[in-house]
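> Using the sequences and the accompanying hints, generate a full structural model.
The listed protein sequences correspond, in order, to chains B and F.
At position 100 of the first sequence the residue is numbered 100 (my numbering), and the sequence of numbers has no breaks.
At position 134 of the second sequence the residue is numbered 134 (my numbering), and the sequence of numbers has no breaks.
It should be emphasised that the hints constitute simulated quantities derived from the structure, not laboratory data.
Source: prediction; values computed, not measured.
A virtual CB, placed ideally from N, CA and C, is assigned to each residue, including glycine.
Check each hint, because a few of them may be wrong.
As the list claims (entries may be wrong) - With a straight-line Cα cutoff of 30 Å, these simulated DSS-like cross-link-like pairs (lysine-lysine) come out:
#, chain 1, residue 1, chain 2, residue 2
1, B, K149, B, K61
2, B, K31, F, K91
3, B, K119, F, K126
4, B, K149, B, K31
5, B, K31, F, K42
6, B, K35, B, K153
7, B, K35, F, K126
8, F, K91, B, K35
9, B, K119, B, K55
10, F, K78, F, K42
11, F, K126, F, K78
12, F, K170, F, K42
What the hints assert, rightly or not - Which residues of chain F face chain B? A partial, calculated answer using Cβ under 10 Å:
#, residue
13, D88
14, G89
15, E90
16, K96
17, H159
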Amino acid sequence: MRSRIALIMWVLAAALAVYLAWTWLLPGPEKIIRKRLAEMRELVSFSSNEGPLAKLANSEKLLGYFTPDIEIRINIPGRQDLSLSGREDLRQAILGARSQVDSIHMEFHDIRVMVDATKTSATTLVTVRADGATGGEPFVERMRIYFTKTDGKWLVSAANRAPVVR
Amino acid sequence: MTSSTTQAHPSPWWLVVAVGRNPRRTVVRILVLLAVIVFTWKFAFLPIRVQGISMMPTYLNNQVNVINRLAYVLHPPKRGDVVGIRYDGEKVLLLKRIVGLPGDTVGFRGGRLYVNGQLLDEPYLKLPSNWSSPPEKVGLGEYYVVGDNRSMNEIDHTHGIVDRADILGKTLR
Chain B
1 MRSRIALIMW VLAAALAVYL AWTWLLPGPE KIIRKRLAEM RELVSFSSNE
51 GPLAKLANSE KLLGYFTPDI EIRINIPGRQ DLSLSGREDL RQAILGARSQ
101 VDSIHMEFHD IRVMVDATKT SATTLVTVRA DGATGGEPFV ERMRIYFTKT
151 DGKWLVSAAN RAPVVR
Chain F
1 MTSSTTQAHP SPWWLVVAVG RNPRRTVVRI LVLLAVIVFT WKFAFLPIRV
51 QGISMMPTYL NNQVNVINRL AYVLHPPKRG DVVGIRYDGE KVLLLKRIVG
101 LPGDTVGFRG GRLYVNGQLL DEPYLKLPSN WSSPPEKVGL GEYYVVGDNR
151 SMNEIDHTHG IVDRADILGK TLR
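See below:
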């Protein structure tokens with residue numbers, strides 16, 4: 001009886017090990033997208049001591065997370081709605097932000113990922129919080145970020161405001 | 001012929017009070033109880049305190065309630081349900097009533113609510129209203145929510161279309 005229980009325990013442990021190895025080696029779309037978001041958050045954030053070369057390199061790296069036809073619509077407090085179309089627009093905005101603000105610390109809260117049945121596109125809902133070095137109010141906005149699987153990579157194809165009640 | 005009986009020493013009363021007569025069983029009970037509590041409050045129920053007057057007179061300011069997060073596991077939200085809507089994660093919720101379902105057209109005229117052009121019977125409304133707003137189409141996976149206190153200024157009362165994904169659950173009472 002005792003050896004049978006031990007055998008069952010070994011089988012369960014082996015199944016768990018296989019499952020963990022499987023999910024680690026072949027993560028699902030949701031896990032990949034969450035990782036992409038975390039990487040983007042790191043690249044958007046910058047400190048005041050970021051050098052000009054690092055500034056340029058990180059901006060270019062960040063652009064690689066978006067599709068060439070990216071569409072972004074956000075509302076920045078104190079300014080008009082910002083609408084960006086395509087990577088070139090985005091490049092200008094990223095470099096502009098890095099030259100105008102000393103530092104930005106970005107956080108993504110309450111991330112929810114909804115992957116389509118085809119597993120080639122996904123919608124994420126995130127609450128974005130960005131603190132600048134200006135000492136003003138932090139920028140907090142809930143956004144809907146659309147991902148598309150392009151050449152095996154999950155890229156952001158669009159992002160816009162997603163107020164809870166509209 | 002002699003016989004000897006060994007009598008077990010009874011545990012001191014304070015030990016019995018602390019861990020019971022069978023400590024192993026007590027530990028199992030505590031673990032089961034903890035599992036039930038964690039499951040109940042993490043996955044099933046969410047306690048809330050109503051703040052604001054938008055759901056008056058159904059729910060009063062500072063009233064305590066509980067959101068049943070499992071209410072929509074087996075069926076979608078229904079018209080008339082009072083639901084908790086995640087506003088800032090799960091720390092801040094909006095408490096509103098569902099009046100429009102996916103595919104409906106919802107609008108206000110002369111303080112009355114019209115769904116698909118038909119006046120909606122709302123017995124829970126006790127306060128007068130003069131709201132007017134053009135009909136809005138509710139999309140798939142969306143719901144139209146509004147509070148019961150429509151005597152407030154329409155602009156001060158958060159209402160409109162929300163995603164199904166943002167509806168956390170239904171109030172218990």
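> Take the hints in turn and mark each one as holding or not.
Now the hints, each set against the structure:
1. K149(B) with K61(B): holds, 18 Å
2. K31(B) with K91(F): holds, 24 Å
3. K119(B) with K126(F): violated, 48 Å
4. K149(B) with K31(B): holds, 14 Å
5. K31(B) with K42(F): holds, 22 Å
6. K35(B) with K153(B): Holds. K35(B) to K153(B) sits at ~12 Å (cutoff 30 Å).
7. K35(B) with K126(F): Since the Cα atoms of K35(B) and K126(F) sit roughly 50 Å apart, the hinted pair is violated (cutoff 30 Å).
8. K91(F) with K35(B): The hint holds at about 24 Å.
9. K119(B) with K55(B): violated, 34 Å
10. K78(F) with K42(F): holds, 24 Å
11. K126(F) with K78(F): holds, 21 Å
12. K170(F) with K42(F): holds, 15 Å
13. D88: holds, 7 Å
14. G89: holds, 4 Å
15. E90: holds, 8 Å
16. K96: holds, 8 Å
17. H159: holds, 7 Å
Of the numbered hints listed earlier, those contradicted by the structure are 3, 7, 9.
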